[in-house]
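Taken in order, these protein sequences are the chains called A and B. Using my numbering, you'd call the opening residue of the first sequence number 1 and step up by one each time. Using my numbering, you'd call the opening residue of the second sequence number 338 and step up by one each time.
Simulated from the structure, these hints should not be mistaken for laboratory data. Computed from a predicted structure; not experimentally measured. Keep in mind that a hint or two might mislead.
As a list, the in silico DSSO-like pairs of lysine-lysine whose alpha-carbon atoms are at most 27 Å apart [what the hints assert, rightly or not]:
hint : chain 1 : residue 1 : chain 2 : residue 2
1    : A       : Lys64     : B       : Lys377
2    : A       : Lys64     : B       : Lys460
3    : A       : Lys212    : B       : Lys460
4    : B       : Lys400    : A       : Lys40
5    : B       : Lys386    : A       : Lys40
6    : A       : Lys219    : B       : Lys377
7    : A       : Lys74     : A       : Lys64
8    : A       : Lys59     : B       : Lys377
9    : A       : Lys40     : B       : Lys439
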Amino acid sequence: MPKSSKYDVIFWAAFILLGCTFITRVSRPSDAHFAAHGSKIMMDTIVSITVYGAEETAKPALQKGFKAMADVDKMASFHLRDSELGRLNSQGFIIPSASFALLLQDTTNAFDISEGYFDPTFAVLHKAYGFYDGNGRTPSDDEMKNLLDEIGWNKKVRLTRENISIASGTLLDFGGIAGGFAVEEAAAAIKSVSSSAFFIDDGGDLWMEGRKPNGFPWKVAVKDPRGEGSLAVIETFDSIAVSTSGDYERFVMAEGKKICHIMNPKTGKPADYYRSVTVIAGNPLNADILSTTLFAMEPDKARQFADEKNIPAIFLPASGTTWMSKSGSKWFSNIVP
Amino acid sequence: MTTKALPFVTKVDLYLMVLLLLLSSIIRLSFREPSDSTEKYLKIRVFGKPSREMKIPLNHPKKVGIQGILGTSTIECDRAGRVRISFSPCPNQICTTTGWVKSPFGVCCVPNGVVVECVPDDKEFDGFSR
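Throw the hints in and build the complete structure from the sequences for me.
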C-alpha cells in the first residue's frame, strides 16, 4: 500500500470539508420548520402572530388570523363610532351580529363567574377619570355616588335573543374580554387553514397551541414591572393562554398620581392592590377575563377566588413580595420575589 | 515491459482536490450566517414610518425619529442596551412615562402608531406576557 503523502491529507481535508458543507446545507431548516411571522398595530396594541408549518399553509393562516382579529376590532372597538359597540353606546340599542351576540353572551358569563368584578359598565368610570380624553382627574365623592348608580351589567344591560339595549347614561367597554375573544377567533381562523403549531401575542396576552417543530416546549417570560427583566418563566408543551393585567402600561395621571385603568366596580375606584397579575388558562378568553377579575379584587378575595377555582396565577402586589395561587407553583418558575 | 505503479494521488487528483477545496470554500462562504464583530449592538424593530429593523452599536447610541399617525416620535437608545420613547406627540404620554426598557421587551405608542421592540440576541423565549 502506498505511503500516505501530504497530498492524501489535502485530499481527505477536501473530502471532509465538502461533506460538512453538504451536511450543513441539508440540515438547514426544512419546510416543516418554516415559520410565517407578522406584527400589526390593532386592538389598541401590537399583535404578533407566528404560524409554523409548510409555507403554503402557514402564510395564508397568518393572514386569516390577522383578519379575524381585525374583524373583532371593527366590531367591539370602543373608539370606532361605527363599530357595533360604538353604535350601542351612542344609540342605546342594536340588533347584534352573530359574533357580537356571542361576545355579549361571553360577557354575561364572565360577569356571573367573576361575582361582578368583571363588568364592562366600568366605562362610565373611565370617562369620569379622563381615560378617553387623556385629561386625568379624580371624581368627587358626590360624583362617585352617581357613577356607581350607572354601573352593573346585570342592572343596566338588557340582553335578549334578538337585541341588546343599555340604560341611558350607561357606557360599555369590552377591554378585558375583546382581546381574548379576538385571539380565539384568530386561532379558529388559523386552524381552518393550518394544522401546525402557532403563537399569538396580543399586546402581551399570549396563546400558544400545538407542538413546536423543534420539539422544545413553549417558553415564555412574564415582565417584571419593577425593572427591565422577568418576574417569572413558564415552560410547557401544553396549549395554554397567558394573560397579564398591570398598572404600568395603561394609566392616566391625575394630580401627580397614577390612575390604573382597571377599576374595582364595587368601589368605583382604580384597583391599586397590585403592579401586575398574570393568569394561565386553557383558553385566551378565560385568561383575559380572569387576569382582569383578579386584578380588580382585593388581595384576600383574589387569593380565595383563585384557589377555589384552581387558577394558576402570580401576583406582584403594589408593595411587598410576589405571591402565587396554590396551583401557580406548578406553572411558574424562576420567580423574582 | 515493466509497469510503474501509479502514485495514490496523481496530478489529476491534485487538481481535483484544489477544485473541491475552492468549491467547498465558495459554497461555505455563500451560505455562512451573518456574523458580528466583537462590537456589541442593540437590535430593535420599529413599527411606524418607516417600519424597519435596526442595529445600533452600543458604543454609539443615538436618537431616531419615527413618523407616526400624529407626528414624529423620538426613540432613544443608551450604552446599556436600553431603549425608550423619549418624545411623542400623543396626548396621554403613556409611552414616554414607561421609560427605559431592555431586551426582550419593548414600548408601544398606540395613539401615534409607533412601536419599538428590542430583538433578543437569543431565541430563548417564544413570547413575553406583560
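Consistency of the hints with the structure:
Distance hint between A/Lys64 and B/Lys377 is unfulfilled; the C-alpha atoms sit about 38 Å from each other, more than 27 Å. For the proposed pair A/Lys64 and B/Lys460, the alpha carbon gap of about 26 Å is at most 27 Å, so the pair holds. Taking the CA atoms of A/Lys212 and B/Lys460, the gap is near 13 Å; set against the 27 Å cutoff, the hint holds. Our distance criterion of 27 Å between C-alpha atoms is met by B/Lys400 and A/Lys40, whose separation comes to about 23 Å.
Pair hint B/Lys386 plus A/Lys40 holds up; C-alpha atoms about 13 Å apart against a cutoff of 27 Å. Between A/Lys219 and B/Lys377 the CA atoms are separated by roughly 26 Å; this keeps the pair inside 27 Å, and the hint holds. Under the criterion of a C-alpha separation no larger than 27 Å, the hint pairing A/Lys74 with A/Lys64 is consistent with the structure, at around 15 Å. The hinted pair formed by A/Lys59 and B/Lys377 fails the criterion: a straight-line CA distance of about 33 Å is larger than 27 Å.
Taken as a hint, the A/Lys40 and B/Lys439 pair is honoured in the structure, with Cα atoms around 21 Å apart against an allowance of 27 Å.
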